[in-house]
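Participant: Can you build the whole structure from these sequences, using the hints too?
Number of protein chains: 2
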Amino acid sequence: MALIVKKFGGSSVANAQRVMNVANIIAEDYQKGNQVVVVVSAQGDTTDDLIEKALEINPEGPSKREMDMLLSAGEQISIALLAMAIERLGLPVVSLLGWQAGFQTDSKYGIARIKNLDASRIEAELARKNIVVVAGFQGINKYDDITTLGRGGSDTSAVAIAASLKADLCQIYTDVDGVYTADPRKVKTAQKMSEITYDEMLELATLGAQVLNNRSVEMAKKYNVELEVRSSLEPKVPGTIVKEVIKMEKMLIRGVAKDSDTSRISVVGLQDNPGIAFKIFNVLAQKNINVDIILQSIGRDGTKDISFTVAKSQHKEAVSALEELQPALNFKEIACDDDVAKVSIVGTGMETHPGVAAKMFEALYEAGINIKMISTSEIKISVLINAKDADRAVEAVHDAFIR
Amino acid sequence: MALIVKKFGGSSVANAQRVMNVANIIAEDYQKGNQVVVVVSAQGDTTDDLIEKALEINPEGPSKREMDMLLSAGEQISIALLAMAIERLGLPVVSLLGWQAGFQTDSKYGIARIKNLDASRIEAELARKNIVVVAGFQGINKYDDITTLGRGGSDTSAVAIAASLKADLCQIYTDVDGVYTADPRKVKTAQKMSEITYDEMLELATLGAQVLNNRSVEMAKKYNVELEVRSSLEPKVPGTIVKEVIKMEKMLIRGVAKDSDTSRISVVGLQDNPGIAFKIFNVLAQKNINVDIILQSIGRDGTKDISFTVAKSQHKEAVSALEELQPALNFKEIACDDDVAKVSIVGTGMETHPGVAAKMFEALYEAGINIKMISTSEIKISVLINAKDADRAVEAVHDAFIR
Chain U
391 MALIVKKFGG SSVANAQRVM NVANIIAEDY QKGNQVVVVV SAQGDTTDDL IEKALEINPE
451 GPSKREMDML LSAGEQISIA LLAMAIERLG LPVVSLLGWQ AGFQTDSKYG IARIKNLDAS
511 RIEAELARKN IVVVAGFQGI NKYDDITTLG RGGSDTSAVA IAASLKADLC QIYTDVDGVY
571 TADPRKVKTA QKMSEITYDE MLELATLGAQ VLNNRSVEMA KKYNVELEVR SSLEPKVPGT
631 IVKEVIKMEK MLIRGVAKDS DTSRISVVGL QDNPGIAFKI FNVLAQKNIN VDIILQSIGR
691 DGTKDISFTV AKSQHKEAVS ALEELQPALN FKEIACDDDV AKVSIVGTGM ETHPGVAAKM
751 FEALYEAGIN IKMISTSEIK ISVLINAKDA DRAVEAVHDA FIR
Chain H
391 MALIVKKFGG SSVANAQRVM NVANIIAEDY QKGNQVVVVV SAQGDTTDDL IEKALEINPE
451 GPSKREMDML LSAGEQISIA LLAMAIERLG LPVVSLLGWQ AGFQTDSKYG IARIKNLDAS
511 RIEAELARKN IVVVAGFQGI NKYDDITTLG RGGSDTSAVA IAASLKADLC QIYTDVDGVY
571 TADPRKVKTA QKMSEITYDE MLELATLGAQ VLNNRSVEMA KKYNVELEVR SSLEPKVPGT
631 IVKEVIKMEK MLIRGVAKDS DTSRISVVGL QDNPGIAFKI FNVLAQKNIN VDIILQSIGR
691 DGTKDISFTV AKSQHKEAVS ALEELQPALN FKEIACDDDV AKVSIVGTGM ETHPGVAAKM
751 FEALYEAGIN IKMISTSEIK ISVLINAKDA DRAVEAVHDA FIR
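Protein chains in written order, with the numbering used here: chain U, 391 to 793; chain H, 391 to 793.
Careful: at least some of the hints might be erroneous.
A pair counts as met if it fits within one copy or between any two copies, since identical chains are not told apart.
What the hints assert, rightly or not - Cut-off 27 Å, straight-line C-alpha distance, at most; resulting in silico cross-link-like pairs (DSSO-like, lysine-lysine):
#, residue 1, residue 2
1, 532, 505
2, 519, 498
3, 749, 582
4, 532, 519
5, 443, 762
6, 582, 611
7, 498, 778
Hints listed in this document are in silico derivations from the structure and should not be mistaken for laboratory results.
Facilitator: What follows is the structure, given as structure tokens:
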């Protein structure tokens with residue numbers, strides 16, 4: 391007998407038929423004698439529909455507290471419907487909202503973090519032989535007000551429950567059947583991995599592979615929760631296990647990822663004084679702007695240029711923050727490029743294999759693709775290229791390493 | 391400065407425009423310096439849509455606990471949207487779910503009764519100068535599980551808050567602008583009353599006037615909460631005040647109501663032994679079947695007949711309960727008549743005016759309408775007639791007394 395936490399995303403419960411499908415997956419595990427806790431997101435487009443209703447009433451943007459009150463109704467509907475589907479199969483079940491399941495968070499509405507999970511109610515329901523269906527993405531703060539965890543928060547809810555209950559396995563069901571070496575819709579030769587480490591998964595998630603939410607992987611790593619990524623539509627197909635240490639396979643590179651949600655900003659013609667980089671990145675940090683690849687280069691006339699990438703959504707904010715620095719830094723101009731994409735390869739142990747970077751650059755060169763920026767870490771190499779070249783670049787790099 | 395509780399039904403908040411309309415009504419009261427607590431139902435058809443989703447997943451009927459979990463999401467959406475609309479007007483507001491507002495109920499899911507209202511959170515929010523928007527219809531039980539109060543429960547929520555806070559006024563906004571002497575859509579000469587007593591309102595509600603939920607009127611009477619029925623679409627028009635004692639007006643009869651949701655059942659050919667009526671009505675009470683008008687008459691051969699009316703929805707259940715009694719009571723047959731309606735006149739002090747009943751029967755006689763059963767109380771007279779005659783009967787009786 392095992393204790394299994396299963397998480398199903400919004401598309402897995404988008405309509406009555408899919409809800410019944412999920413109920414059947416759960417029933418199979420329960421009937422084998424396992425204890426089962428299920429975390430569900432809001433159905434399909436519910437969240438988007440609710441946001442639309444809110445903006446219709448207040449186009450300038452409602453308060454985040456009321457937004458969380460509104461959006462958390464989405465999971466309330468999906469947990470009740472999934473519980474009803476499980477009831478229909480004749481199995482004992484109880485649905486729990488975030489606060490009922492014991493999720494206590496900080497008060498940052500919309501992007502709350504879990505401060506504590508008091509799992510006593512979940513444990514009591516499991517002891518009563520109930521299947522427990524928990525609303526993902528939500529909790530309450532110290533004022534007893536409802537908070538939401540932000541995008542991908544249901545993954546985090548599932549991992550938190552698995553960590554708290556010391557579950558044997560935490561299965562994340564999505565619409566893909568595992569983690570691939572590249573996007574299988576784009577790269578025909580993409581291969582599914584049977585295992586991957588937390589760190590590799592983190593790099594892949596950050597780099598736009600969009601399989602698992604990053605915070606959930608970080609939490610899984612911290613509490614050593616074994617994750618499995620599976621497909622709810624093909625529940626018989628084994629997925630990809632994410633864990634701390636995996637047996638080394640012949641494949642060194644674990645995946646190739648593309649991230650088109652990136653913009654390059656260059657501050658051109660800076661005086662070469664100490665503290666300039668600090669001033670630039672400090673003002674961005676104060677505005678919660680995440681900076682990714684950073685490049686500093688010598689410009690003309692002994693001045694220097696600093697370039698970096700940010701998410702497209704933070705582009706404007708970053709530029710106006712920098713413009714405020716103009717009087718202090720006296721730079722020449724700010725140059726921007728939205729038409730870029732980041733392509734990265736990820737693999738543990740990469741830093742001990744010096745040929746990896748050269749092989750990647752060679753593959754890009756042979757495909758006639760120009761590299762604008764380069765960034766490396768212990769387990770990844772990222773290049774910034776023109777957006778139009780991105781898909782070809784992924785294919786070329788994937789073929790060089792994995793085919 | 392007054393403390394006002396305002397309740398808006400689902401049709402008053404059915405879309406973004408109506409939500410803004412309600413926000414403006416609230417703002418006007420708040421800006422006059424009043425403290426305002428607002429109780430809202432789920433938007434328009436939300437509840438019906440959610441029920442449909444539930445039955446799609448489990449056509450045999452989901453458990454009541456999960457149904458309450460599902461349906462209570464409806465008010466959660468409407469309180470958040472209304473709070474956002476009030477925010478847009480620049481006023482301070484906070485939305486509260488049933489449990490956050492302190493509604494503690496028993497555990498009868500779907501038809502829960504309020505056991506206690508701990509209004510401390512509402513009071514704290516009022517002290518912070520917030521407009522407080524509360525989800526009607528819902529609470530939690532001792533297991534911290536969500537319950538709903540059943541049809542019309544939002545009226546009860548509003549009255550409970552008004553009672554607990556000792557509010558100066560509890561305004562119930564509906565799609566009519568007050569309580570009329572008859573259905574104004576059917577009877578052209580129907581007149582709006584400026585005041586009516588709790589008891590009269592209770593009789594009118596029971597008799598199918600469908601303006602206020604009965605439990606809410608009972609609670610208002612018990613705690614002496616002054617109610618006002620108003621229209622959310624014509625907020626400037628004064629409504630009808632419901633209270634304990636009103637100044638006597640020349641009009642003796644307060645209203646004429648029609649109830650088509652009734653069936654007559656006759657148990658024919660009963661032996662004339664003691665205890666027979668007890669046995670019949672005891673078995674019906676055990677099955678929670680509400681009996682309205684009762685008539686006992688002498689039949690042929692020294693046997694007797696007992697006739698009574700029940701709601702149409704309980705008709706079948708009542709008949710099968712009686713059939714089980716056949717071996718014990720040895721009656722001849724059960725006769726049923728679904729094609730009936732009840733028409734009633736209501737007015738305090740009626741019992742001291744012996745001419746009232748005669749005047750009602752005369753009006754019906756002159757309209758050529760046959761009376762099947764009669765029932766009277768201190769403040770009402772009801773007659774059972776053929777369903778097809780009901781509208782004519784209301785008009786004839788209304789004209790006789792009120793025109």
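Participant: Sort out which numbered hints this structure fails and list those numbers smallest first.
Facilitator: Violated hints: 5 and 7; rest satisfied.
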